[in-house]
Structures are given as structure tokens and as C-alpha cells.
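These protein sequences, in sequence, are chains A and B. In my numbering, each number is its position in the first sequence, counted from 1, plus 272. In my numbering, each number is its position in the second sequence, counted from 1, plus 718.
I should point out that these hints are in silico values taken from the structure, not numbers from a laboratory. Careful, some of the hints might be misleading.
Claimed, not checked - Per label pair, the in silico range of CB-to-CB distance: (1) B:821 <-> A:468: 18 to 26 angstroms; (2) A:829 <-> B:848: 31 to 39 angstroms; (3) A:484 <-> B:747: 47 to 55 angstroms.
Said to hold, decoys possible - The list that follows gives simulated cross-link-like pairs (lysine-lysine, DSBU-like), each with its CA atoms no further than 35 angstroms apart: (4) A:878 <-> B:820; (5) A:449 <-> B:807; (6) A:373 <-> A:562; (7) A:449 <-> B:820; (8) B:812 <-> A:757; (9) A:912 <-> B:807; (10) B:820 <-> A:797; (11) A:837 <-> B:812; (12) A:753 <-> B:820; (13) A:840 <-> B:812; (14) B:807 <-> A:783; (15) B:812 <-> A:783; (16) B:812 <-> A:449.
As the structure is a prediction and not an experimental result, all values here were calculated from the model. For glycine and all other residues, C-beta sits at the position ideal for the given N, C-alpha and C.
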Amino acid sequence: MKKSFLVFPLAACLALSCNEALREDQLLSDDLRTAKTKTVKLGDEYDRGSFLVKFASVPDDAMIGSLMVEGVESVERLFTSIPGKEDLEARFGLDRWYEVKVAEGTRVDDMIRQSALVEAVSVVEYNCLAQKDVTGDTYYAAPDTKASTGAFNDPYLSDQWHYRNGGGTVYGTGSVKGGDINVYDVWNTLGVCGDPDIIVAIVDEGVKYTHPDLAANMWINKNEIPNNGIDDDNNGYVDDVYGYNFVNGTNQISWDKNGDTGHGTHTGGTVAAVNNNGIGVCGVAGGSGKGDGCRLMSCQIFSGNGGGTTSVIARAVKYAGDNGASIISCSFGTPSAIPTDNAYMAGNSAEIDAIHYFEACQNNPVLNGGIAIFSSGNENHPYAHYPGAFVDIISVSAIAADMLPTNYTDYGPGCNIAAPGGEMGLAGTFKSMVLSTVPRELEEMTVDNTLGNADYGYMQGTSMACPHVSGVVALGLSYAKKLGKKFDRDEFKQLILSSTNDIDQKIAVTKEKTYQNCPIAGTNKYYKAHAALPMAPYYHQMGTGAIDAWQLMMQIEGIPTLVAKLDKVEYIDLSPYFGTSSVSLTYLSVDVPQETVESLGLQSIKASNTQKYTAVPEEGYAYVQYGRLYMHPTKVGSGKITIHVVGGGDHLGGGNNPTGGMELVQEVSVISREIKSTNGGWL
Amino acid sequence: MKKYLIIAVALMMALCGCKKKPEPLTVTGQWQLSNIEMTKSVKVGSETIDVYLEFLEDGTFNIYQTLGKGRPRHYTGTYTLTENLLSGKYSDGKAWSYEASKEDGNLVLANPQGREVDTYISATIPQDVRDTAI
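From just these sequences and the hints, can you work out the full model?
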């Protein structure tokens with residue numbers, strides 16, 4: 273009995289203690305669950321000394337103070353506010369983001385978990401590290417002793433196969449004539465070479481603004497008096513003349529620190545190295561030598577072995593939008609498999625909030641916002657990495673001179689378009705990579721390379737593909753500005769993505785591509801050839817194809833010509849003009865001029881209406897339904913048809929109307945023929 | 719004498735009765751589109767059409783075409799000519815066929831229903847078209 277009395281309290285104690293332990297576990301588990309749902313972690317690598325917090329509403333001192341617990345060093349607002357832009361900042365929640373710095377010896381993970389339990393906090397984000405999308409080293413180019421060739425007098429232009437590829441083997445086995453961005457005719461025939469009012473922010477390592485082939489095309493903040501220690505333009509940054517170094521928080525943009533690679537100077541040169549100045553290379557939107565190139569703003573997010581955190585990137589992107597950039601060229605990403613946009617967006621990352629803010633900043637007369645262009649990544653993954661993979665950001669994959677995917681490029685979901693990124697081993701020299709400007713100060717680049725200490729060099733990566741698209745878009749904006757045209761930002765993105773050349777046809781007939789060893793000049797060493805690369809996985813996985821500058825200009829100027837078949841009710845897909853939303857857009861009217869009716873011999877036709885997609889008009893010489901333009905040509909001929917659409921909503925806004933969209937007018941050009949090849953060939 | 723006269727007349731009749739054997743049709747060479755049925759030039763309405771065909775002896779063909787504005791497009795494939803039926807396949811497998819004939823040295827291609835007749839003149843494909851085509 274005694275034993276029983278003794279046993280019972282012991283069991284009760286044990287049970288009680290077990291219950292308490294259970295409750296504690298449960299509580300801890302609830303806390304963990306709460307913390308987890310509020311926490312955003314975009315990559316595997318992150319800063320151990322800081323993290324980011326987004327409050328549910330604009331915080332007061334008490335809310336900010338609630339984060340100042342033991343182990344926290346400081347809580348400061350992440351974004352600098354610009355007078356007059358407060359509403360836009362609030363729209364994207366930038367006024368609610370704070371950066372928390374933790375004291376040395378404190379585990380940032382613990383502080384993140386603790387901060388997530390603060391009720392006023394809606395998101396806690398790891399300050400993750402992005403990486404540059406360049407593969408391998410940088411190789412200096414041989415001195416430019418060649419005669420001037422090509423569209424301009426820049427001696428290296430003939431080696432920039434990515435602008436005009438003449439085929440042959442110098443730039444790679446299987447090089448394709450026209451395996452380039454097709455920019456020569458844009459420069460020569462259209463005379464479109466850039467515009468100083470179109471500013472491209474190079475969000476990257478520092479751009480060497482003193483480079484002899486870049487200096488004349490650097491953006492200069494005219495409202496800032498250099499080196500007077502005062503923020504003259506009140507933009508939150510002191511003495512920011514060419515941009516800003518967000519890594520160190522100073523105006524001292526750098527490119528020669530230990531760990532720098534010349535990445536920002538190289539990508540900047542591809543966008544807008546000065547053209548026709550008799551030296552070095554050309555940039556896609558580098559002007560004609562008359563001071564008419566697009567301008568480069570250096571938004572430095574990498575410095576030596578540092579930088580690249582979410583906070584640094586987010587600040588740099590906002591700065592670009594606040595200070596006049598129309599395009600951000602971002603050759604970096606976070607190498608982590610984030611499966612969906614929602615995962616990326618979970619709780620709104622500071623990075624994507626800043627990008628959306630940038631996209632809403634109107635800095636040119638053509639577009640109602642900015643264009644964000646990112647590299648897709650160099651991990652050879654079958655998906656793009658973020659932020660580029662995000663649904664409304666243009667992500668660029670890399671092709672080589674053979675117009676085939678490179679052995680490093682990411683491909684598949686999230687990859688929107690392709691451009692030349694270069695590929696070592698396709699030729700027996702570095703010439704199969706992309707040639708652009710580099711800083712001559714980087715001595716480590718001279719290792720194994722007797723051609724060192726030059727201002728030009730070869731690199732490869734989706735990092736190099738990205739600025740080609742940025743440059744082409746800069747040219748497009750320059751041309752649209754010249755023509756006095758205006759576009760909706762999303763509409764312009766559709767134009768970009770549909771201005772491409774086919775890659776898949778060659779992928780389909782190429783089993784695999786092979787590589788050769790690449791000797792290193794002045795040494796007996798060589799880079800070993802990459803293993804043969806099967807092409808099948810890339811089929812239909814390289815976005816909409818390879819960017820074509822000429823096609824974009826034509827789309828800006830007018831429209832490409834379409835072929836309709838004779839003697840049948842024919843429809844033409846309108847998605848190249850209005851994007852995939854063409855099916856659900858509200859169409860107002862279709863104008864068919866009499867001369868078009870006569871030239872094409874159009875017969876009157878009547879639509880069989882459905883409730884959801886009513887034809888506009890119900891009958892006539894042409895109508896639109898299901899995002900298709902229907903007509904019945906009976907004669908060989910050609911003509912133009914004008915379509916009126918509501919952009920944004922199902923009715924027009926203005927006046928006493930309820931809030932609505934704006935009217936878009938699209939001209940469509942049609943040739944009718946008896947024969948219509950489905951592949952577009954004439955026969 | 720009468721005998722020789724008869725022979726001479728017979729020979730003359732035989733010679734007159736001989737029909738000249740027609741030259742076999744050939745399409746080999748380089749051609750430029752010059753006319754489309756119902757139009758008088760390759761500028762149809764407001765759109766310019768520029769098409770070059772090249773039929774090679776090895777049974778392959780090249781097309782360089784520019785429809786409206788833009789860069790020339792290059793298509794390739796194989797062809798055969800059986801009597802006057804010219805048929806072929808693009809490299810992607812798409813088939814085509816025309817009735818071919820020659821008129822004043824020009825190549826005339828009509829679709830089987832004869833509804834569209836395209837005339838091509840002998841021409842040399844410009845090097846810049848070859849170089850810039852994609």
C-alpha cells in the first residue's frame with residue numbers, strides 16, 4: 273500500500289511534468305509555425321549580421337522599439353524616402369521595410385525567429401546573397417591594332433560577333449550567319465544608335481566611369497555638385513555623380529578591389545560603350561560618336577568579395593527608379609530553387625517590392641514605367657533563378673555563336689528570351705566569348721594571360737546575355753522617343769518578347785554540340801573542353817527565341833506583315849500584338865479601309881457569336897473574336913486593318929465614365945495568297 | 719530525173735514533217751519574283767515582297783524572302799522536277815508543289831488549281847541578302 277502511495281504521486285508528477293513539457297513543445301511549435309509563416313528566405317547564403325523586417329503598417333516609435341531587444345544593434349529604415357514620391361513608396365510598402373543589424377556574437381537566426389513573433393511585424397526576411405551570373409574568368413583581349421571594320425570605326429567591332437555574326441569558325445564551330453542581335457541595320461539604316469535621355473542602370477559591380485570607351489556615355493547627376501559633402505539634389509545620397517556604391521554606402525564607386533572581376537564594366541560596355549570613337553568596342557546603344565548614346569548609371573551592389581545582399585540590391589533598384597533610369601540591367605540572381613512566384617512573393621520580399629516600385633517609375637516619354645531585365649542563371653538548371661524568373665520580369669538565357677544554348681545557361685520555366693552570352697571551347701580561342709570593356713587595374717586577371725593590362729576583355733555567362741537585351745530595349749525606347757510613340761509598359765514587354773529569331777529549328781536537328789580545348793595565350797596550358805552537350809533538353813525551352821533589334825524597331829514603327837490564305841475565312845492570331853491577353857481584351861472596333869477591301873477582295877462575313885467572347889463587329893469585312901482577326905480574302909493583294917482595343921479594364925475611362933482603361937490602336941498589315949506555308953516560306 | 723525529183727520531194731516532206739524535240743524543262747539557277755497574278759509588280763498594295771529562289775543541281779533549294787519590312791528570311795529544302803510538276807519539301811518537312819513552265823526565259827510557277835501564278839526572272843541573289851538573311 274505504502275508503495276502505491278509512493279508510486280501514485282511519482283506517476284502524477286511524471287505525468288504533470290510530461291504534460292508541461294508537451295505544452296511547452298506545443299507552444300514552441302506554434303511559435304515556430306508563426307515565425308515560419310512570416311519568414312522569407314530566398315537563398316541558401318545570407319548575411320549573418322543583419323536581416324529585414326516589414327511592418328504590417330507604418331510603424332511608430334513603440335513598434336520599432338519592440339525590435340530593440342538584447343542582441344540587436346540597430347533598426348533603421350531600409351529605403352531612403354524621396355520628397356514627392358511618398359505615395360508611390362507607400363503603394364509598394366517601401367515605407368514599412370526596416371533593416372535590423374545584430375550585435376556580434378548573436379545568432380541572426382534566433383533574432384529572426386524572435387522578431388517574427390512581434391505582432392506588428394508582417395514579414396521577416398533573411399538578408400540573402402545573390403551572385404553574379406558569370407562563368408569562369410575574364411580574359412584580356414589582344415591590343416586593338418586591327419583596321420576599323422563594320423558599321424563604326426571601333427577596331428574591336430569586327431570581333432563582336434554578337435552584334436554581327438558572319439558565320440565561319442573563328443567565333444565557334446557551327447557559327448551561324450545572323451546568329452547575333454541584328455543591330456547593324458538599326459544603326460546604319462534607321463540611324464538609331466541611342467539617346468542620352470534613356471538611362472540604363474547597371475546594377476552590378478561598379479562601372480569604371482573613367483574608362484576611355486565608357487566615360488562619354490556615363491550618366492552624370494547634374495543636380496549634384498561633386499565632392500562638396502552635401503546632398504544637393506536632396507535624393508538621400510551625398511555627392512552621387514555617376515551612381516552610388518550601395519555596398520559601402522558611399523559615393524566612391526569602385527571596380528578594382530580584391531575579388532572584383534570587371535563584371536559591371538563589362539556588362540555596362542555591352543549596353544553602351546561609346547561607338548564610332550575610333551577605339552575599342554561598340555555598345556548596343558552606344559550612340560554614333562556624336563554624344564548621342566544612352567547613358568549608364570552605376571548602381572554598385574558588389575564590391576570585391578562583398579555585397580549582393582537583398583538590402584543592398586533593393587536600395588540600388590529604388591535609387592535607379594528615383595534618379596531617372598528607364599531600364600535596370602541586372603546580371604545576377606539567387607541560386608536557389610524557389611519553385612513558384614508565390615514562394616518568392618511570400619510576404620513580399622524587399623527585393624521584389626523595390627523592383628515593382630522601379631517598374632512604376634516613369635522616367636522617359638515613351639513608357640509609363642521602367643523595364644527590369646535579369647539574367648536567367650548559369651547553373652544549367654531547367655528553370656530560371658529568381659528574381660529573373662518572376663512572372664513580370666524579363667529573364668535572359670544565353671546562346672553562343674552557333675545560335676544554340678550554351679553549356680551553362682539556365683533554361684525552361686521562367687526563361688523568357690535568349691541573347692548571345694558567349695561560350696568558351698566553341699572555338700580554340702577566347703573569341704567565342706563576349707568582348708566588351710574591362711578595367712585594366714585588375715592584375716589578377718593577367719594570370720595565365722600574357723595579354724593583360726588592357727581595357728577590353730572576354731567573358732561568358734547569362735550575365736553577358738542580359739545586357740544585350742538591355743541595350744536592344746534602350747535602342748527601342750530611343751527609337752520610340754524619336755518617333756513620338758508611347759507604349760504601355762506591359763505592351764512594350766510583349767513587343768520585346770516577340771522580336772525574336774527562331775532557335776528551336778536548329779536545336780531540333782542538332783543531337784549534341786561538341787567543344788575543343790582552349791589554349792591560354794603565352795602558356796603551355798589550356799582549358800579542357802566541356803563534355804559534349806545534348807540539345808534535346810533545350811527544345812522549346814529557350815523562351816521566345818533570340819532577341820532581334822531590327823524586329824523590335826519594326827514593331828515599334830509599325831507591324832510585321834502577315835499572310836492570309838485566299839478563298840477561305842482566315843484568322844490571324846493577334847497575340848503578337850496584344851500578348852496572350854488578346855483573347856480576353858475588350859475590342860471596340862475594327863476599321864477596314866475601302867482600299868484594303870478592294871485589294872484583298874474581302875467578302876462580308878458574319879461571326880457566330882458566343883456569350884463570352886462577342887465578336888466585334890458582329891459582321892463586316894473583318895471582325896475580332898477569341899483574340900483573332902477574321903477575314904475572307906478572295907484576291908491576291910495586301911492592305912492594312914486598324915483594331916481599337918481597351919487597355920486596362922472592359923471599358924474606356926474618362927469623363928463621367930466609371931474608372932476604365934485607355935484606348936489602344938493597332939494597325940495590322942495583311943497579304944493574301946493562294947498558298948500559305950505554315951512555316952512562313954514563300955513556296 | 720523523175721526518180722530523183724520524187725526522192726527530193728519525199729526528203730523535203732520528211733524534213734518538214736519532223737517536229738523539233740522540245741528542250742527538257744529545267745529550273746536550276748537563281749530567280750527573283752517579279753510578278754504575282756492579278757498584280758503588275760511585286761509591290762502588292764502597300765507591302766513590298768522580295769523573294770529569291772535558288773534551285774541547285776543537287777536537288778536542294780534556297781529561298782531568301784523579305785515580306786514587308788525586316789530582315790531576309792532564309793529557307794532551305796529539297797525539290798524534284800517531274801515533267802512540269804515541281805514539288806519539294808522544306809527542311810522542316812512542309813511540302814509544296816507547283817506547275818512549272820518557262821515563258822520568255824522566265825520561270826512561271828502556278829499552283830495546281832492555277833489560281834495563283836508567280837513569275838520569276840533570272841537573277842543573281844545579292845551577296846548582302848545571303849549574308850544578312852536569318
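Satisfaction of hint between residue 812 of chain B and residue 837 of chain A, Cα-Cα up to 35 angstroms: holds (16 angstroms)
Satisfaction of hint between residue 820 of chain B and residue 449 of chain A, Cα-Cα up to 35 angstroms: holds (33 angstroms)
Distance restraint between residue 878 of chain A and residue 820 of chain B, which requires alpha-carbon spacing of 35 angstroms or less: violated (42 angstroms)
CB-CB spacing for residue 848 of chain B and residue 829 of chain A relative to the 31 to 39 angstroms hint: violated (25 angstroms)
Pair hint residue 449 of chain A and residue 807 of chain B, alpha-carbon separation not exceeding 35 angstroms: Since the Cα atoms of residue 449 of chain A and residue 807 of chain B sit roughly 23 angstroms apart, the hinted pair holds (cutoff 35 angstroms).
Restraint check for residue 840 of chain A with residue 812 of chain B, where alpha carbons must lie at most 35 angstroms apart: holds (20 angstroms)
Proposed proximity, residue 783 of chain A with residue 812 of chain B (alpha carbon, max 35 angstroms): holds (21 angstroms)
Satisfaction of hint between residue 783 of chain A and residue 807 of chain B, Cα-Cα up to 35 angstroms: The hint holds at about 22 angstroms.
Pairwise hint evaluation, residue 562 of chain A against residue 373 of chain A, where the allowed Cα distance is 35 angstroms at most: violated (48 angstroms)
Distance restraint hint 18 to 26 angstroms, applied to the beta-carbon atoms of residue 821 of chain B and residue 468 of chain A: Violated - the Cβ-Cβ distance for residue 821 of chain B and residue 468 of chain A, about 57 angstroms, lies outside 18 to 26 angstroms.
Residue 820 of chain B paired with residue 797 of chain A [C-alpha distance capped at 35 angstroms]: violated (62 angstroms)
Restraint check for residue 912 of chain A with residue 807 of chain B, where alpha carbons must lie at most 35 angstroms apart: It holds: about 31 angstroms lies between the C-alpha atoms, which stays within 35 angstroms.
Violated hints, listed in ascending order, are 1, 2, 4, 6, 8, 10 and 12; each of the other numbered hints is respected by the structure.
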